[in-house]
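Single-letter residue listing:
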Amino acid sequence: MAVRRYTWSYPYFIFLAIFAVLPLILVAVYAFQDAQGHFTFANVTRFFSDSNALNTFAVSIEVAIENTLICLLLGYPAAWILANKKYNSSMVTVILFMLPMWVNALMRTLATAELFNMLGVGLGKGTLLFGMVYDYLPFMIYPIYNVLNKMDNSYAEAAADLGANPMQVFWKITVPLSKAGIVSGILMVFMPTVSTFAISEFLTNNKIKLFGTIIQENINSSMWNYGAALALIMLIIIGLTSLLSDNEEKEMEEGAL
Amino acid sequence: MGKENHIIEINHLSKSYGGTEVLKDINLYINKGEFITILGPSGCGKTTLLRLIGGFSNPDSGEIIMDGKDISGTPPHLRPLNTVFQKYALFPHLDVYDNVAFGLKLAHVPEDEIDKRVRKMLKMVSMSDYEDRDIDSLSGGQQQRVAIARALANMPKVLLLDEPLSALDAKMRKDMQIELKELHKKMGITFIFVTHDQEEALTMSDTIVVMKEGRIQQIGTPVDIYNEPVNEFVANFIGESNILDATMIEDRKVNFIGHDFECVDEGFGNDVPVDVVIRPEDIYIMKQLAGAQFSGKVTSCTFKGVFYEIFVQTDNDYELMIQDYNPFEIGSEVGMLIKPQDIQVMHKSCTRNEMDAEVIDDTHLRIFGEEFECKSLGEGHEAGSKVRVGVNFNKIDLQDNQEDGILWGEVANLLYKGDHYHLLIRIDTGEDLLVDTNDIWDKGDLVGIKIAPKDIKIIG
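Line order of the protein sequences matches chains A and B.
This note's numbering applies: residue 1 is where the first sequence begins, and numbers increase by one.
This note's numbering applies: residue 258 is where the second sequence begins, and numbers increase by one.
The reader is advised that the hints may include incorrect statements.
What the hints assert, rightly or not - Here are a few chain A residues that face chain B, going by a calculated C-beta distance under 7 Å: (1) G122; (2) Y155; (3) E157; (4) A158; (5) A160; (6) D161; (7) L162; (8) N165.
Hints were generated in silico from the structure; no laboratory data involved.
A virtual CB, placed ideally from N, CA and C, is assigned to each residue, including glycine.
All chains, full assembly: derive it from the sequences and hints.
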C-alpha cells in the first residue's frame with residue numbers, strides 16, 4: 001500500500017507540537033495562574049504597575065530602536081555596495097560579510113567583552129550597542145542585499161533617462177523598490193534585540209537590564225508565573241509588530257514584481 | 258538635405274564588451290523629425306548602439322554629436338532624449354499618473370502644468386481612465402502605452418525605442434505600429450526605433466539602418482532596402498528572396514540558373530562572379546512557354562492568403578520561389594520571365610575562403626591551430642614560415658560527427674541558393690568559413706571540417 005504524502009509530515013507535526021505549541025500553551029497557562037495554580041490576571045496587571053519592569057521595557061525598546069537604526073545606516077550602504085557589480089563582482093565578499101553569523105553569538109559576545117576589558121573600555125551603553133550591532137548587522141545586510149541584487153537595473157536607467165541624477169535615482173527608485181528588504185532586515189534585527197539578555201549581561205555586566213534579562217531573572221528565581229506573563233506580553237508585542245510589517249511587506253513584494 | 262538638418266551625428270563609434278567588438282566604426286546621421294529604424298538580428302549591436310545614444314554606456318571611441326555638441330560622455334539624465342525600454346521599466350511603486358509625471362516633477366515643472374501635460378499624454382495614448390491604476394494591473398499593451406506617454410511627457414527632441422513591441426502579441430503589435438506611426442506624425446520629433454522584425458521596419462520607417470555583427474550594412478528608405486539590397490545578408494534578412502550565384506558577363510548582361518538575362522547594372526566588369534537577388538513576386542509565371550525566358554516544373558503550390566507561394570524546379574535544376582495570385586498545378590510545365598529592373602546584382606563579399614597558415618613541413622600546414630595535409634609545397638617554404646592559403650567554398654568537406662573532422666564548428670547561418678546551400682561555419686576558434694554544399698544542415702548543427710590536400714591552394 002502506498003504511503004500517502006501527508007503521512008510524511010507527521011514527524012514534523014509531532015516536533016512542532018512538542019517544541020513549539022506545547023511550550024506556548026504552558027507559557028500561557030503559567031501566565032494566568034498564581035503560585036498555587038489558581039486562575040488569575042494578577043501577573044499581567046502586575047507588569048503594568050511594576051515601574052521597574054515598565055522602565056526596563058522602555059529601555060529595551062529604546063536600545064532595540066537604536067540598534068536597528070545603526071544597523072540600517074551601516075547595513076544599507078554595505079548591501080548596496082555588495083550588490084553593485086561595479087564595486088563587487090565576487091560572492092566571496094558577500095560571504096565574508098556573512099561569516100560572523102557562523103560563529104556562535106555567545107562566543108562572539110564573550111570575546112568582545114574580553115577585548116573591551118583588555119583595552120580598558122568601560123562597559124555600558126556604548127559597549128552594549130557595539131555588541132548588538134556586531135551581532136545583528138549581517139541580518140540587516142543580507143535581506144537588503146538580496147533585494148538589491150535581484151533588482152532590474154532598467155528601473156534605475158529609466159529614472160536616469162527621465163532626468164534623475166544619481167542621488168535622485170537612489171532616493172526615488174532604489175530605496176522605495178528595496179523596501180521589502182529593509183522591512184525584513186528591520187524585523188530580523190528589532191525583534192531579537194528586544195528579547196536578548198546575554199549581550200547586556202556580558203557587555204554591561206548587567207548594568208543595563210533589558211526585557212529579556214527580567215524574564216530570565218524571574219524564571220531563575222523560580223517566579224515562573226510572573227516570568228511567563230512577561231514572556232507572553234513580549235510575544236504579543238513582537239507578534240503585533242511582525243503582523244503589521246507582514247502586510248506591508250506583502251504589498252511591497254507584489255509591487256516589486 | 259544639409260548638415261543643419263541633422264539632429265544626431267555619429268562618427269566612428271566603437272564599443273567592446275570583454276574583448277568582443279560589439280560595434281565597429283559606426284557612422285550615421287539622423288535627420289530632424291525622422292523615423293529611423295535600426296534593424297538587425299539579435300547580437301548585431303543594435304541595442305548597444307541605442308544604449309550609447311541614450312547614455313547608458315559609454316563608447317570606447319568615436320563621438321555622438323547632438324546639436325553641435327559631443328554628448329558621448331554626458332550622463333543620461335543630462336541628455337535631451339528619452340527612451341521607451343524593451344520591458345517598459347515602469348516604476349512598480351508608482352501609479353500610472355506618477356509614472357508619467359516622474360520626469361516633470363524632477364524638472365520642477367509647476368504642479369498645474371504637470372497635471373495638464375500628464376493628462377494630455379495619457380489622452381494621446383488612450384489611457385485617460387487609468388491614471389490611478391497600479392502598474393501591475395495593466396496588460397502588456399497598456400503598460401506599453403504608459404511607457405510611451407512617460408517618455409514623451411518630458412518633450413524630448415529624440416525618442417529612443419528599444420524593441421518596444423516585441424512583448425506584444427501579433428494583433429496588438431500591428432495596432433501599435435500604426436499608433437506609433439501616427440504619434441510620430443503628431444509629435445513631429447525624431448524617433449529612433451530598434452527592432453529585429455523586418456516587416457515592422459518596412460512598415461514604420463522613413464529610413465532603415467541594417468546592421469550585422471556590429472557593422473552597418475546598408476542605410477536607405479524601406480523601398481531602397483527592399484528593392485536594392487547591397488549584399489546577400491540584407492537581401493536575405495529583408496523579405497523573401499531568391500539569392501543565386503551569378504556571373505556578370507558584361508554591363509547589362511548577367512548569367513544565372515544557366516541562362517543569360519538582361520539587367521540594368523553596370524560597372525561590375527566582365528565575367529565577374531556576383532550574387533543576384535530576385536524577389537518572389539518579381540518572377541512572372543505563366544502556363545504557356547511562348548514568350549518565356551526559361552521553363553520549369555511546379556513542385557509545390559501553397560495558398561498564403563493573398564497570393565500563392567509556388568516552388569519551381571527550372572530546366573537547369575535550380576529551385577525558385579515565386580509568388581503569384583493564380584494557382585498552378587503541381588507537376589505542370591510553366592514558363593517564366595524576369596524583367597531587367599527586377600534583377601538586383603550584388604558584389605560577392607568574397608569568392609573563396611582565405612586564411613593565414615604556418616608551414617610545418619613540405620606537406621603539412623597549420624591552419625586555425627590544427628594540422629592539415631597539403632600538396633607538396635616545393636622549394637622556398639621553411640618550416641615555421643607564414644603563407645596565405647585559399648580554399649574554395651565547395652571544397653570544404655563537412656562531417657556529421659565533430660570528431661571526424663580536423664576542425665569543428667557550428668553552422669551559424671545558411672542560405673539556399675537555388676541549387677545548393679551556402680553555409681557560414683563558425684569554427685571553435687571564432688573564425689568563419691564559408692561552405693557551399695548540397696547536403697542539408699540546420700542552423701546550430703555541429704560539424705567536423707575536412708579539406709582534401711589538393712584543395713588547399715597557396716596564394717601568397
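Tested hints:
no.: 1; hint: G122; result: violated, 46 Å
no.: 2; hint: Y155; result: holds, 6 Å
no.: 3; hint: E157; result: holds, 5 Å
no.: 4; hint: A158; result: holds, 4 Å
no.: 5; hint: A160; result: holds, 4 Å
no.: 6; hint: D161; result: holds, 5 Å
no.: 7; hint: L162; result: holds, 4 Å
no.: 8; hint: N165; result: holds, 5 Å
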